[in-house]
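**Q** Sequence:
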Amino acid sequence: MRKAVTLLFSLVCALSLSAQDIKIAGVVLDDASLPLYGASVRIKGTNMGVITDENGKYHLTAPQDATIEFSCMGFATIFEHIDSRNTINVTLKPDNTFLEDAVVVGYGTQKKGSIVGAISGVGGDNMIKTKNENPQNMLTGRVSGVRIWQKSAEPGTYNNNMDIRGLGEPLVIIDGVPRSTADFQRLNANDIENVSVLKDASAAIYGVRGGNGVILVTTKKGSEGKSTVQYNGSFTFQHPSTMPKLAGAIDAMTLYNEMALNKSDGSGSITFTKEFMDQYRNGTRKAADWNSLVFSDWSPQTQHDVSISGGSDKYQYYVSMGYLFQEGFFRSRDLNYSKYNLRSNINAEIAKGLDLNFSVSALADDRRTPDSDAVTLIRNLWKQGVLFPAYVDEEQTMLNYDGLDLEQNTVAMMTADISGYKKYRQKQFQTSASLEYDFGTLTDILQGLTLKGLASYDYRFDDNEMFRKSYSLYAKNSLTGEYVSKEFADHSDRLTREHYSKQQVLGQILLNYNKKFADRHSVGATFGAEAQRRKGDNYYLYGDLAFSTPYFTALKDNTESTFVGINTGLDAFHDIEYRALIGRVNYSFDDRYLFEGQFRYDGSSKFAPGHQ
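For the sequence shown, our numbering assigns the number 26 to the initial residue and increments by one for each residue that follows.
These are calculated hints, taken from the structure and not from any lab test. Do not take every clue at face value.
To be verified - Label pairs and their calculated CB-CB ranges:
1. 381 / 541: 38 to 48 Å
2. 262 / 307: 35 to 45 Å
3. 612 / 467: 50 to 60 Å
4. 600 / 270: 46 to 56 Å
5. 528 / 467: 33 to 43 Å
Just so it is clear, the structure is predicted and the values come from calculations on it, not from any experiment. For glycine and all other residues, C-beta sits at the position ideal for the given N, C-alpha and C.
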């Protein structure tokens, strides 16, 4: 027994000594032997680390057998094993691959090290670390200068606001084609390769339309290699972090009485008598729990995405499909949203030096709400208090109106089968194709010269349906015990249908030149022309119904209650053309001295003839 105890004690001591921490210090220098400020010094495999000071010095406590990782942006990362050393000095060498990384800019790409303007970016893999159905929200806190705020958390309401450095809404470019912010918001985040944000002069090549900045979105492409299938799926529940609690019946009546008694003119009198309040104390009357009747504690959300990519040296492909369903917190379950995404990106070398890029995407979504929007329902709910119930009978078959604010019952308003519904359905098809020819395949003299032509066509169709129903609410006569009904509706049953169609056609031709001379001089130039036409048309029809059914076959014979019209808003009814000439020239000497100039000459049909 004594030997066993001694052996165990020796083993514990050995383990304790091997895990002993030691203090280390040192200096981090660059290849010119200058101190590096802000370099990261971290214990490999952990989040424990420090940052070097202005003299490149650091102090760190780590296990004596650990490995230290030294890194700094623009420099190659190195690793040093401690080996019981107390002083570790390192020299970081420049990472040329960092400067050679390509960054998406207006009408092309540039090396990260040759960019002279203000450009920020984020990779798609980094974006999807944030769980959100809207890719725009994923940029929050990830891109400097970009501000995003959400106006509604209602499922399917893509009405966020976004600006760059406090200016207005930026221009959105998806795979080289100008598109709307709504198109960006409805993208499948798993299809995004990267997002670049052009600020200030960097956006000058987009002219006045890029005055508020530009968001450049690049979707994923295929790569050479075996086919790769990826699946991402989730089924989650959302739960409100906090919910306001309504005051109890006695507290509410006491506050009402105090408010009434403290009128400024001294004419106040109590609203609720002691006898009435006693009915709640002894259980004759019961307080209403409106929160539990209107809100669910949890709402489900599911998302499934599958993609397949691959290719050879001659062609590459990327195909993806996605599905999203999100439900709101109303207990009626009549507030929900579903979306289907499809995307296919194909790249192929169809002849020597001639590349074809073809992209097609489709989207279908369906947003359903009660006839009243969420803001109206919540506002109505908080006005109800707890004194008057939602139902007048014990069986909860007849909805109450007596004592309620404006005699409106929130349970009736949130239930589509009672008060009606709104359906917003959208179908969208976007396609683009480009041909790019490399003249360098003809002769070395033309090395770096390419010509690219791009054409795109987008079509969107919205089919909206609003069905408002009249319904009955009830009150109980306290003397006779009978139930009295009252029809609630601003008008008789009404059906509204809206149809919107939007089209966009775009053509681009770009001549690009990029060449490096004598290993020190880099010259780049882009010249091109662009033409774009956007058309929008719509019509709507509404009419009163003879009986409650969501079909126009039930319209009343009275034609005065039926109306057909168009929405003349600029976003709904338009026919606009844009023409532009663009150019950019850049020069770099030894990757140290940079020059860049951009221009754009715009024309728009929005202006009068002769001034376009």
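**Q** Please go over all the hints and tell whether each is borne out by the structure.
**A** Hints, verified against the model:
1. 381 / 541: 38 to 48 Å: violated, 27 Å
2. 262 / 307: 35 to 45 Å: Check passed, 40 Å falls within 35 to 45 Å.
3. 612 / 467: 50 to 60 Å: Between residue 612 and residue 467, where Cβ atoms are some 25 Å apart, the hint is violated.
4. 600 / 270: 46 to 56 Å: holds, 54 Å
5. 528 / 467: 33 to 43 Å: Holds, since residue 528 and residue 467 (Cβ atoms, about 38 Å apart) stay within the stated range.
The structure is inconsistent with the numbered hints 1, 3, although it conforms to all the rest.
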